[in-house]
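First to last, the sequence lines map onto chains D and R. Using the numbering used here, the first residue of the first sequence is number 1, and each one after it goes up by one. Using the numbering used here, the first residue of the second sequence is number 1, and each one after it goes up by one.
No lab work stands behind these hints, which were simulated from the structure alone. Careful: at least some of the hints might be erroneous.
All copies of an identical chain are treated as equivalent in the list; a pair is satisfied when it fits inside any one copy or across any two copies.
[Claimed, not checked] Here are the simulated lysine-lysine pairs, PhoX-like style, with alpha carbons at most 20 Å apart: (1) K100 to K358; (2) K336 to K9; (3) K60 to K23; (4) K194 to K224; (5) K273 to K284; (6) K52 to K76; (7) K23 to K336; (8) K407 to K227; (9) K224 to K269; (10) K224 to K407; (11) K43 to K76.
Protein chains: 2
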Amino acid sequence: MDIKAYVLKKALEAKEGARAAAKASSEEKNRALLKMAGSLLTKSRELQAANKKDIASAKKKGLSKAMIDRLTLTGKRIEEMAQGLVEVSKLPDPSGEILKMWRRPNGMMVGRMRVPIGVIAIIYESRPNVTADATALCLKAGNAVILRGGSEAVHSNTAIVKILRNAAASAGIHPGAVTFIESTERQAVMEMLKLEGIVDLVIPRGGEGLIRAVTENSRIPVLKHYKGVCHVFVDRDADLRMAEEICFNAKVQRPGTCNAMETMLVDGKIAVKFLPSMIKKFKKAGVKLKGGADVMKFDKSVSALKEGDYYTEYVDKILNIRIVPGIDSAMDHIAKYGSAHTDSIVTEDYNKAMRFLKEVDSSSVMVNASTRFSDGYQYGLGAEMGISTDKIHARGPMGLEELTCTKFIVLGSGQVRT
Amino acid sequence: MDIKAYVLKKALEAKEGARAAAKASSEEKNRALLKMAGSLLTKSRELQAANKKDIASAKKKGLSKAMIDRLTLTGKRIEEMAQGLVEVSKLPDPSGEILKMWRRPNGMMVGRMRVPIGVIAIIYESRPNVTADATALCLKAGNAVILRGGSEAVHSNTAIVKILRNAAASAGIHPGAVTFIESTERQAVMEMLKLEGIVDLVIPRGGEGLIRAVTENSRIPVLKHYKGVCHVFVDRDADLRMAEEICFNAKVQRPGTCNAMETMLVDGKIAVKFLPSMIKKFKKAGVKLKGGADVMKFDKSVSALKEGDYYTEYVDKILNIRIVPGIDSAMDHIAKYGSAHTDSIVTEDYNKAMRFLKEVDSSSVMVNASTRFSDGYQYGLGAEMGISTDKIHARGPMGLEELTCTKFIVLGSGQVRT
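In isolation and in its complexed conformation, chain D is listed as follows (with noise of 0.2 Å):
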């Protein structure tokens, strides 16, 4: 068979397997995923031994350590995923749940359905365990899931989707429900890409070049995630103190994450008095700071910055230092250098923290907290499906919810139109 006819045949039975997953319910749904927890503990020793090989060949392909760690199980790990899989059983099911229902003067009840988007395409790399991550909340939400994953991972992402769909399918789940594309070649994803009308929804996790490729190439609407250039503003009414916690936490704790902070905005007013401990204090937790002359001159170990640093996201310990002259300098510089991610101010002054609020157009926006809250079980979501930079559908980090859609129900009495 040819590459376009295979992909087609897995996006029919992936189709018919979201028919089926609309219908089960919450009860089915969840057994199904507590039993692919149990397989994936049972069968922890034969995952290790496909993930094997897809080390060895990661090593012959010479591979950076960074990828590697990234694409083992150990058995730790593969707990891990079964641990997930536990948590999303718990959480309770979208779909179905009546959003809303209003009266019209005809008597008619009229009202909004939340229901399962029904095929989503995941395209990811490396990590095999978004292949669980992945199917547990398409599943729950009722929909069926496509899953194309790297072809580092390819031995283990087959071994997981064979438990997984033996698995479901002992729960009485259609198998199509979890569908699995094989073939590693970059022409399967680009004519999963064409099938409108049969996926609905394309998710591709991974580097901006596979996203771009994805976004550039589809027919289908693509819920993406580019990049996180997030800022802090350092307000001139802010709690110093406060605001040097909040700076520190949003790049140090985990620098290399998407919510983390690339460049801090702050205040002439209060430079002098922030900025000297403030660098101490990035310099001595190992953070390389860039600066114009005006933060040069704080400190000698500040190098200097081009505008480009301002758009990079370095994810690394690397922090942009600008000083603005007040709050419209700080918002203008994250409307044009922004990644539209995360952004925060720390004041005390309340009408700047409700301006600020208003008038960032980012997928979250902070008073006097991190950054690094961004993410959906810190906002008790409960699950994460990747955090959207898009407007459309979903912004911001994406639970459940995200994946399903809403559709209009009317409930008559014989109401005709005149």
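Start from chain D and add chain R according to the hints.
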């Protein structure tokens, strides 16, 4: 200037306009809408003069009578356009609304705030009234609009936009909030569809060809309406008098609309009782009926149906009739041939009503009501920006809320992540 540069310049103006529109208060936006309405009325003669140019060249090109009618701006139609703007000014402003807010264990408050989407491009055909309607809805929700109308209406649209922009400017709204692409070249649309990151959403309004072309070429999210192949299923437990009224209304009240019924599904158990008088009523109203042999035997005027007919949106006084063994096959038919637009069941049986409501995956699912109600005004949304047959972001009739997205807001008191 080449087209690419021209479109980019326009889009950047719109982006500036969007930032300004998002900051405008409800009062400012409403004042602008009322000024727009007033100006349309004052300049009705000028508008009609511009419209005459379009009509003259439409006649020269030999466009159909229906096309020319849709293109024509009479004094009365201009009054209706103005009235539409006044109505939108009366609607509640959706932006800034807090949908939900909750407290996290660390004391941080997390919520979702409804905010404008940004820049919305509307690509539409012939009807000049869309220019004013779309502008009003986009602006009210705090967005900037980029309008690209059909070439047949270019003089009318240019005149309308000039009036709207001047009125907006006099009310203090940034003129970029109402941006118009004068170029009627197809390439202008293609360039627009590449402006990801500047244009946030594209809404094509027109025929299937336009919509497919936009979807296939857009890197920007698209909200679209393909077609309405709507069904009414008359269950064996229906009140047959009610069923007759609903089916008649769904087909005949305005056959040219997307929410009119195209196929009537009749439970075999009541076909003999139901069909004779129903067919008579349809015949009297001039509806051409199609059906299989089992339907043809009820009346010799029923013509033979081909399978392809079940997929067809007639938008005319033509109706397919199919006799089915029961609710399951009715739902299978809808899933296979329908367009997931609007489907209704007529039944007195509670359990079948609930099954149909839950299991039919269409943008509007009804019990005992005419499909013709699937409409923003009829649902009480106060406005309508078309009907989405997509599942992502908006599904079914779109009102003002569908022209917004949400962002997360966090009110902290110094929280950092550990």
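Now for the hints, and whether the structure bears them out:
1. For the homomeric pair K100 and K358, the shortest alpha-carbon distance between copies (16 Å) is at most 20 Å, but the shortest distance inside one copy (26 Å) is not.
2. Proximity of K336 and K9 under a CA criterion of 20 Å is satisfied inter-copy only: 17 Å between copies versus 45 Å inside one chain copy.
3. For the homomeric pair K60 and K23, neither the shortest alpha-carbon distance inside one copy (46 Å) nor that between copies (56 Å) is at most 20 Å.
4. When the C-alpha separation of K194 and K224 is checked against a cutoff of 20 Å, the pair qualifies both within a copy, at 17 Å, and between copies, at 17 Å.
5. In this homomeric assembly, K273 and K284 come within 20 Å of each other (Cα to Cα) only inside a single copy, at 19 Å, whereas the closest approach across copies is 87 Å.
6. In this homomeric assembly, K52 and K76 come within 20 Å of each other (Cα to Cα) only inside a single copy, at 15 Å, whereas the closest approach across copies is 76 Å.
7. Taking the closest pair of Cα atoms, K23 and K336 come within 20 Å of each other only across two copies (17 Å); inside a single copy the shortest separation is 46 Å, beyond that limit.
8. In this assembly of identical chains, the alpha carbons of K407 and K227 lie at most 20 Å apart only when taken from different copies (17 Å versus 32 Å within one copy).
9. For the homomeric pair K224 and K269, neither the shortest alpha-carbon distance inside one copy (38 Å) nor that between copies (50 Å) is at most 20 Å.
10. Taking CA atoms no more than 20 Å apart as the test, K224 paired with K407 passes between copies only; the shortest distance there is 15 Å, against 23 Å inside one copy.
11. Only within a single protomer do K43 and K76 lie at most 20 Å apart by alpha-carbon distance; the minimum there is 13 Å, versus 74 Å between protomers.
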